[in-house]
Amino acid sequence: MNKMLNKVLSAAVAATLTLSLAACGGTAKPAETAKDQTAAPAAETKKEEAKKDEKVKLKIFSQYSLPEEKQPFDYAKEQVAKAMPNVELELDIEPQDDNAKLKTLAASGDLPDIIRVTAGIVDLFKKSNNIIQLDQYVKELKIEDRIRPAYKGLLWDSEKHCYAVPRTASPTYIMYYNKELFEKNNIKVPTNYDEFLASIKAFSAKGIMPVSLFAKEAWPGVMLFDAFATRYDAGGLMKVVNDKKGSITEDAYKKAASQLYECVKAGMLSKAAYSTDYDTAFNQFTSGKCAYFFNGAWALGPIGDKLGDKVDYLDFPLADAATVEAAKLNRPGGGFDGGYSVAANSKNKDIAAKYACLFALETANGRVIKASEAYPLTVDDVKPEKPYPAIALKYAEESKKFKSTTRFPWGLNEKANVVLGENVAKLLTGGYPVDKFIADTDKALQDALK
Amino acid sequence: MQKDFKYKLNVLLFTLPALLLFTVVVCYPVLQSLYKSLFDWDGLSKPVFVGFGNYVKLWGNDNFHLSNKNGFIFAAMITVYQIGLGLLLALVLSSKAVRKSRFFRTSYFMPVVISTIIAGQLWLQIYNPDYGLINKIFEALGMSYRQAWLSDDKAAIYAVSFVNAWQYMGIHLVLIYTAIKSIPEHYYEAAVIDGASNAKAHTKITMPLLGETFKFCLVISITGGLKGFNEMYVMTQGGPGTYTNTLTYMMYKQAFMANNYGFGCAVAAVLVLECLIFTVLINKFVARDRIVY
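Those sequence lines, one after another, are chains R and U.
Count along the first sequence starting at 1, add 14, and that's the number in our numbering.
Count along the second sequence starting at 1, add 1, and that's the number in our numbering.
The set of hints was computed from the structure by calculation and includes no laboratory data.
Quantities reported herein were computed from a predicted structural model and do not represent experimental measurements.
Glycine included, C-beta positions come from ideal geometry on N, C-alpha and C.
It is possible that part of the hints are untrue.
[What the hints assert, rightly or not] Restricting the straight-line Cα-Cα distance to at most 20 angstroms, the calculated cross-link-like pairs of lysine-lysine (PhoX-like) are:
id: 1; chain 1: U; residue 1: Lys155; chain 2: R; residue 2: Lys450
id: 2; chain 1: R; residue 1: Lys400; chain 2: R; residue 2: Lys320
id: 3; chain 1: R; residue 1: Lys361; chain 2: R; residue 2: Lys69
id: 4; chain 1: U; residue 1: Lys155; chain 2: R; residue 2: Lys279
id: 5; chain 1: R; residue 1: Lys73; chain 2: R; residue 2: Lys96
id: 6; chain 1: R; residue 1: Lys202; chain 2: R; residue 2: Lys303
id: 7; chain 1: R; residue 1: Lys279; chain 2: R; residue 2: Lys220
id: 8; chain 1: R; residue 1: Lys202; chain 2: R; residue 2: Lys215
id: 9; chain 1: R; residue 1: Lys141; chain 2: R; residue 2: Lys215
id: 10; chain 1: R; residue 1: Lys96; chain 2: R; residue 2: Lys141
id: 11; chain 1: R; residue 1: Lys166; chain 2: R; residue 2: Lys361
id: 12; chain 1: R; residue 1: Lys269; chain 2: R; residue 2: Lys450
id: 13; chain 1: R; residue 1: Lys464; chain 2: U; residue 2: Lys58
id: 14; chain 1: R; residue 1: Lys141; chain 2: U; residue 2: Lys47
id: 15; chain 1: U; residue 1: Lys216; chain 2: R; residue 2: Lys464
id: 16; chain 1: R; residue 1: Lys457; chain 2: U; residue 2: Lys58
id: 17; chain 1: U; residue 1: Lys155; chain 2: U; residue 2: Lys216
id: 18; chain 1: R; residue 1: Lys96; chain 2: R; residue 2: Lys268
[Claimed, not checked] With beta-carbon atoms standing in for the labels, derived distance ranges:
id: 19; chain 1: U; residue 1: Val49; chain 2: R; residue 2: Thr205; range: 25 to 33 angstroms
id: 20; chain 1: U; residue 1: Val49; chain 2: R; residue 2: Asp293; range: 52 to 60 angstroms
id: 21; chain 1: R; residue 1: Val393; chain 2: U; residue 2: Leu22; range: 56 to 64 angstroms
id: 22; chain 1: U; residue 1: Phe286; chain 2: R; residue 2: Thr118; range: 38 to 46 angstroms
id: 23; chain 1: U; residue 1: Met111; chain 2: R; residue 2: Ala164; range: 40 to 48 angstroms
id: 24; chain 1: R; residue 1: Asp265; chain 2: U; residue 2: Met111; range: 31 to 39 angstroms
id: 25; chain 1: R; residue 1: Thr294; chain 2: U; residue 2: Pro185; range: 53 to 61 angstroms
id: 26; chain 1: R; residue 1: Lys303; chain 2: U; residue 2: Glu213; range: 52 to 60 angstroms
id: 27; chain 1: R; residue 1: Lys220; chain 2: U; residue 2: Ser108; range: 38 to 46 angstroms
id: 28; chain 1: R; residue 1: Lys153; chain 2: U; residue 2: Gln122; range: 47 to 55 angstroms
id: 29; chain 1: R; residue 1: Lys153; chain 2: U; residue 2: Val49; range: 15 to 23 angstroms
[What the hints assert, rightly or not] Some, not all, of what chain U presents toward chain R, calculated at C-beta under 10 angstroms:
id: 30; residue: Lys47
id: 31; residue: Lys58
id: 32; residue: Gly61
id: 33; residue: Ala77
id: 34; residue: Asn129
id: 35; residue: Thr207
id: 36; residue: Gly242
Throw the hints in and build the complete structure from the sequences for me.
Have a look at this one:
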């Protein structure tokens, strides 16, 4: 009987362990040396050419929620299908989860073939060999020739290698304002910081929300701070965080923090700002319930469509009268704003890389055609389906004159980005003194940037 | 002797699969987290061993102390509300004087089955400083008092905790109610014969016999509070800033947003330790002896 029991027990233990180990072992490791793999695509190319007529299924991880995401995506898919008809694209929709899903997929070796990436993700995945170098494909497909001269730099990293092909040009941060609301309330459109502060007080006194900020997310606050900081130092936060050429204790940042704090105290933000999401903030602005709206240039089309002539943007009159003019072409935002990379564990790397290169540029074109993005990435002759709103045309023209740009928070060092998001959000509550903000942020940034 | 041995073997045989599964899905990850907390690791690249460096950094981190404090506030809020109100309602509903007690039990339990996302969205509207129900009530009462419930650095954590307290009170109500109903009726009959009042009967019979239930309720509410996450994720994203961060939220931010996986594991290790300490303390000091009349 005991022997029987022993046998049963042993079998049960073995079965359970086998099952659990099998469950753990299902994850493939990311490629050890992605760089080496790009060096030997020639052999793979031959194999793949032999299979030319075979259908290839590629999985893509990309945003596909808002109409301005869906339409360019569908357009790009349609366009690339003409050049690569054998590729069947399967979409894995990117959630808005701070890249948690993407990082988990990478950790388990399950990255889809093509992934939408931000600058922060490129750095992380490059370091961990989760994405491949695309240099060869960029050259082969003459991708650089199709990109406007001003944006060619977006293709290459600091070591002149390409790990992601951009899918948009460099949108900057924009200070939108509702012209009609200013006129109706007889409030002067500001030309410098004092006038901006006065306008905030005036709107606040009339019960109109001065700024609609979707502070449920951390980045709008960080960009707002960067908007103030770039008035006094063109490098903004990028200088401190990515270039590591300064400190947040410098006067420019202290002044930016002081002015931002003063504006908050004057009633700049709604008390509900921290539970306000993008859709709510966008609707508040486009329905005429608030005077200013800070967002990227990607919103020019949707905002222009909704408000027409009632909306315009300002050259960030957030500096003292003496310096405001000199700083007006220093723009916060810009830089690499996302593109497509190819996973190192893709079974069809060669096809995926070609597809990703073409798909990225066609997405950029789709953003012009379908979403009225007025700053085309490519030299292709593409026109928007609907005429550009006046505000978008103005931006397209004026953006050529920008003297400097920085980066959006997703292009900054990720550890530092979290620190900035947290501390700027505290500053925006109006209960976190400027000195403490500067001291705490400096300490945390030093730790994050070690 | 042989029979006893066989019985033990049977117990082992039937519990082993569950024990192994528990080891794989709970113990192994916990041990892995403890191990990874000794590394500087972004979650993807090769980890660098730093010993207790992450713990030293953690101790010097202001956000850690704030997150820890918030966890205790969260746990205290939900424990007092859920067990306190749950007990009160269970006593009332178990009374023979209350008719339709099933309707009330179902009503109080209803929030439990709502998803946290829906409950969070509901309370976001209630807390809205401009048009939310609470501030509108103050307005209707002619009071000038207004509160930015989720934007205030001090009020936010209480406001978020209350949502959890409200939503999951029903679980405690049902647990306590069921425990009360399992107390034999003749205990109370004997108490009445001895001249005990209703209140006396409850303090001398109901409360002592609920000891085991309270122990369980305390463990789930305190550990549930310490590892609070869902409400913050849905309503405040840990903000404003870090004002509604708990250790779980801090761990999430560090691991998934800052690519600071080793540091995140250190936060997780502290959280596991805290939960274990509270569980041990509750088991040691609450309802130590099973009372049998």
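Hints, verified against the model:
1. Lys155/U with Lys450/R: Measuring from Cα to Cα gives roughly 17 angstroms; hence the hint holds.
2. Lys400/R with Lys320/R: Holds. Lys400/R to Lys320/R sits at ~13 angstroms (cutoff 20 angstroms).
3. Lys361/R with Lys69/R: Given pair Lys361/R, Lys69/R holds - Cα atoms ~13 angstroms apart, limit 20 angstroms.
4. Lys155/U with Lys279/R: With a Cα-Cα distance of about 17 angstroms, the restraint between Lys155/U and Lys279/R holds, given a limit of 20 angstroms.
5. Lys73/R with Lys96/R: 18 angstroms, holds
6. Lys202/R with Lys303/R: 17 angstroms, holds
7. Lys279/R with Lys220/R: With a Cα-Cα distance of about 16 angstroms, the restraint between Lys279/R and Lys220/R holds, given a limit of 20 angstroms.
8. Lys202/R with Lys215/R: Given pair Lys202/R, Lys215/R holds - Cα atoms ~12 angstroms apart, limit 20 angstroms.
9. Lys141/R with Lys215/R: 48 angstroms, violated
10. Lys96/R with Lys141/R: Since the Cα atoms of Lys96/R and Lys141/R sit roughly 34 angstroms apart, the hinted pair is violated (cutoff 20 angstroms).
11. Lys166/R with Lys361/R: Violated. Lys166/R to Lys361/R sits at ~29 angstroms, over the 20 angstroms cutoff.
12. Lys269/R with Lys450/R: 14 angstroms, holds
13. Lys464/R with Lys58/U: 13 angstroms, holds
14. Lys141/R with Lys47/U: Distance of about 9 angstroms is within 20 angstroms: holds.
15. Lys216/U with Lys464/R: Cα-Cα ~46 angstroms, so violated.
16. Lys457/R with Lys58/U: 12 angstroms, holds
17. Lys155/U with Lys216/U: This hinted pair is violated, its Cα atoms lying about 30 angstroms apart.
18. Lys96/R with Lys268/R: Not satisfied, since the Cα-Cα distance of roughly 54 angstroms exceeds 20 angstroms.
19. Val49/U with Thr205/R: 25 to 33 angstroms: 52 angstroms, violated
20. Val49/U with Asp293/R: 52 to 60 angstroms: 42 angstroms, violated
21. Val393/R with Leu22/U: 56 to 64 angstroms: 59 angstroms, holds
22. Phe286/U with Thr118/R: 38 to 46 angstroms: Given a distance of about 40 angstroms, which is inside 38 to 46 angstroms, the answer is holds.
23. Met111/U with Ala164/R: 40 to 48 angstroms: With a Cβ separation near 58 angstroms, Met111/U and Ala164/R fall outside 40 to 48 angstroms, so the hint is violated.
24. Asp265/R with Met111/U: 31 to 39 angstroms: Violated - the Cβ-Cβ distance for Asp265/R and Met111/U, about 57 angstroms, lies outside 31 to 39 angstroms.
25. Thr294/R with Pro185/U: 53 to 61 angstroms: Roughly 56 angstroms apart at Cβ, these two residues keep to the hinted range, so it holds.
26. Lys303/R with Glu213/U: 52 to 60 angstroms: 55 angstroms, holds
27. Lys220/R with Ser108/U: 38 to 46 angstroms: For Lys220/R and Ser108/U the Cβ distance comes to about 44 angstroms; the hint holds.
28. Lys153/R with Gln122/U: 47 to 55 angstroms: With Cβ atoms ~50 angstroms apart, the hint holds.
29. Lys153/R with Val49/U: 15 to 23 angstroms: 36 angstroms, violated
30. Lys47: 8 angstroms, holds
31. Lys58: 7 angstroms, holds
32. Gly61: This hint holds: Gly61/U lies near chain R, its Cβ roughly 9 angstroms from the closest one there, short of 10 angstroms.
33. Ala77: 23 angstroms, violated
34. Asn129: 5 angstroms, holds
35. Thr207: Violated. Min distance 42 angstroms.
36. Gly242: Holds. Min distance 3 angstroms.
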